[in-house]
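Please work from the sequences and hints to get the whole structure.
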Amino acid sequence: MAEVILKGVTKKFGKTVAVSGLDLEVKDKELLVLVGPSGCGKTTTLRMIAGLDDPDEGEIFIEGKSMKGVEPKDRDIAMVFQNYALYPHMDVYNNMAFGLKMQKMPAAEIEARVKEAAKILGIEDLLERKPKALSGGQKQRVALGRAIVRKPRVFLMDEPLSNLDAKLRVQMRAELSRIHKRIGATIVYVTHDQTEAMTMGERIVLMKDGIIQQQGEPMQLYDDPVNIFVAGFIGSPSMNLIDGKIRNTYDGACFDSGDLTISLPEKRFGSLASRDGLDVVLGIRPEHIEDAEFAPMGADRAVLGATADVVEPMGSETLLYVTAKGGTQVTAKVNPSTKAAFGKPVTLSADLTKAHLFDRATGLAMK
Amino acid sequence: MARTLKVFKNEQHSTAFFALLPSFAVFLVFTLYPLLYSLSISFTDAGLLKQGSTFIGLSNYVKLFKDPTFWKAMLNTLIYTVAVVPVANALSFMLALALNRKLALTPIYRTAFFMPVVASTASVATVWFLFYDPFYGGFNALMAKIGISGPAWLSDPSWALAGIIIMAIWKNLGYSMVIYLAGLQDIPKDIYDAAALDGAYGQRLTRYITIPLMGRIFSFTMIISTIRSFQVFSQVRIMTGGGPTNSTLVAVYYIYRQAFESPYRLGYASAAAWVVFLVLGILAVLEARTMRRIEQ
Numbered sequence: 042m043a044e045v046i047l048k049g050v051t052k053k054f055g056k057t058v059a060v061s062g063l064d065l066e067v068k069d070k071e072l073l074v075l076v077g078p079s080g081c082g083k084t085t086t087l088r089m090i091a092g093l094d095d096p097d098e099g100e101i102f103i104e105g106k107s108m109k110g111v112e113p114k115d116r117d118i119a120m121v122f123q124n125y126a127l128y129p130h131m132d133v134y135n136n137m138a139f140g141l142k143m144q145k146m147p148a149a150e151i152e153a154r155v156k157e158a159a160k161i162l163g164i165e166d167l168l169e170r171k172p173k174a175l176s177g178g179q180k181q182r183v184a185l186g187r188a189i190v191r192k193p194r195v196f197l198m199d200e201p202l203s204n205l206d207a208k209l210r211v212q213m214r215a216e217l218s219r220i221h222k223r224i225g226a227t228i229v230y231v232t233h234d235q236t237e238a239m240t241m242g243e244r245i246v247l248m249k250d251g252i253i254q255q256q257g258e259p260m261q262l263y264d265d266p267v268n269i270f271v272a273g274f275i276g277s278p279s280m281n282l283i284d285g286k287i288r289n290t291y292d293g294a295c296f297d298s299g300d301l302t303i304s305l306p307e308k309r310f311g312s313l314a315s316r317d318g319l320d321v322v323l324g325i326r327p328e329h330i331e332d333a334e335f336a337p338m339g340a341d342r343a344v345l346g347a348t349a350d351v352v353e354p355m356g357s358e359t360l361l362y363v364t365a366k367g368g369t370q371v372t373a374k375v376n377p378s379t380k381a382a383f384g385k386p387v388t389l390s391a392d393l394t395k396a397h398l399f400d401r402a403t404g405l406a407m408k
Numbered sequence: 003m004a005r006t007l008k009v010f011k012n013e014q015h016s017t018a019f020f021a022l023l024p025s026f027a028v029f030l031v032f033t034l035y036p037l038l039y040s041l042s043i044s045f046t047d048a049g050l051l052k053q054g055s056t057f058i059g060l061s062n063y064v065k066l067f068k069d070p071t072f073w074k075a076m077l078n079t080l081i082y083t084v085a086v087v088p089v090a091n092a093l094s095f096m097l098a099l100a101l102n103r104k105l106a107l108t109p110i111y112r113t114a115f116f117m118p119v120v121a122s123t124a125s126v127a128t129v130w131f132l133f134y135d136p137f138y139g140g141f142n143a144l145m146a147k148i149g150i151s152g153p154a155w156l157s158d159p160s161w162a163l164a165g166i167i168i169m170a171i172w173k174n175l176g177y178s179m180v181i182y183l184a185g186l187q188d189i190p191k192d193i194y195d196a197a198a199l200d201g202a203y204g205q206r207l208t209r210y211i212t213i214p215l216m217g218r219i220f221s222f223t224m225i226i227s228t229i230r231s232f233q234v235f236s237q238v239r240i241m242t243g244g245g246p247t248n249s250t251l252v253a254v255y256y257i258y259r260q261a262f263e264s265p266y267r268l269g270y271a272s273a274a275a276w277v278v279f280l281v282l283g284i285l286a287v288l289e290a291r292t293m294r295r296i297e298q
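Listed in order, the protein sequences are those of chains A and B. Convert by adding 41 to the 1-based position in the first sequence; the result is the number in the working numbering. Convert by adding 2 to the 1-based position in the second sequence; the result is the number in the working numbering.
It should be emphasised that the hints constitute simulated quantities derived from the structure, not laboratory data. Every clue listed holds true.
Once the Cα atoms are required to be at most 25 Å apart in a straight line, the calculated SDA-like pairs of lysine to any residue come out as:
hint	chain 1	residue 1	chain 2	residue 2
1	A	K109	B	R103
2	A	K366	A	K380
3	B	K104	A	V58
4	A	K171	B	P190
5	A	K171	B	R294
6	A	K171	B	G217
7	A	K145	B	I213
8	A	K114	B	L207
9	A	K142	B	I189
10	A	K145	B	Y194
11	A	K173	B	A290
12	A	K145	B	Y203
13	A	K171	B	I219
14	A	K171	B	K191
15	A	K173	B	M293
16	B	K191	A	D94
17	A	K173	B	F220
18	A	K114	B	K104
19	A	K395	A	G276
20	B	K191	A	H130
21	A	K142	B	L186
22	A	K53	B	A106
23	A	K142	A	D117
24	A	K114	B	R209
Here you go:
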């Protein structure tokens, strides 16, 4: 059972706290994604699991054994680096075989393993090439191959797709997921790209400033963000976040931004009677705002008049960037048949049963 | 804005021309002209104290090849080079490896090892001359303490060249060390991290990762230090004057003697200079080719 457990792990670089009191559990054979903006401590966390950096406080366990004082090579882990870190003076075969040679594995077994990994990754015809003769995508596969041949207990991947072009990234994303299922390994995957996290992670851990903000299955973070940061980070385009106050009216609570007044359905938010006057942030994802012309009718929808600033047809949908009354900027993902045009008024309809409310003072979601 | 001259395609060309002009002029006057001049007088009987010269064809070269002293000087230069280049480079690489860490005293050590490179050869040679003194010098005093009676160093024909070589190794350590340090710091940290996970530590890391990645740097320092070794002159002039019995006579010192000591044969010295130049050129090319083959 190759599970990885971090208990109260803290790492400081000088006065900067990179990771603070981190508790994390990676289950056996799980693909866990550590995601967050640059400098959130995700790579540091990965390097500590690898043994390349030592935690200042706390402890790391792999398969229940403390890794205190255990050298990287003795942890039985493999890591894929952002810049691939291939050995430039070795050909592809030797790049993949090097770790096994260091373990003094018999040559025949090394060859069998390298060939097997090369087959999985489709790089059999590249084995004699040096890294400088490879494209970015090929280098990426070799880096992955170098990890696979080791058959480690745990794979650590540090933004392995970030140097690839968009198309190749999508392709490799699917391929990585496939390889994960095929070799059934425990993987800790670091990325700053929320799309990568959502599509690949069986579980996502979202970090900021060295602290875990929320962890759970991708849809859990998407549907129930615990705070404003998670709400804004997960989802693309980002959730619309509008500042305002809660006002109690004769027919229930509503959100009031000064220019916009939106009634807040009780079945979504419960009774807000006691929260009158509270400073809040209303969050609605672009995909929950539709061109009114194509929106279903319903009581739990808010209608919003706005002027279209940018219209981006994506084919399957159209992104609208609009300015509502009072200058509030809103993004909407609408039906591609929309007639919205630059500078023209457009009426939007937001699904309030999917909206979120956050307490502005604490940043936490209001349940 | 300066008006562009018509001979130039555009302003960039004229800027380049005028920027390069001063150094090109210096090269022309102090390198190319003397080079060609020395080639031309190597076929004459030109002398330092003599007016005019006569064309004598290849006589200087024939005489040179028949002069055992010249061959002695070439052999000494070769011994000096073969001893200094590998030893100094191996030691400076080891020093660079040791000093490529962030330890408290690292900057002090780096400076200490680089200081002899900056110091003038003349003053360093004078100090070492005193060290090597068989009766009052530091070396033999140290050796006496452990019960070894030291040689007469610079006045013993079988030890004098060794004395010059030891000093040269010490003086040149820092030069290659600085280049090796720069090369070591150029190796991406990721590669070392990957190697650590692959199980390459200590000597294995040096052997399989660091040394192969330093290939080009090795080529560069080996060739440069071979050239520098062939040019050895000052310490020989100051410490031994080529003696005793020509045991430390090196190529450049031989040339110097022909030209600036009686009978001041400039033409003959130029011929010797050209032969040394060609031998060094061939050596450097061979070395570069070998290094490239090893690299691949």
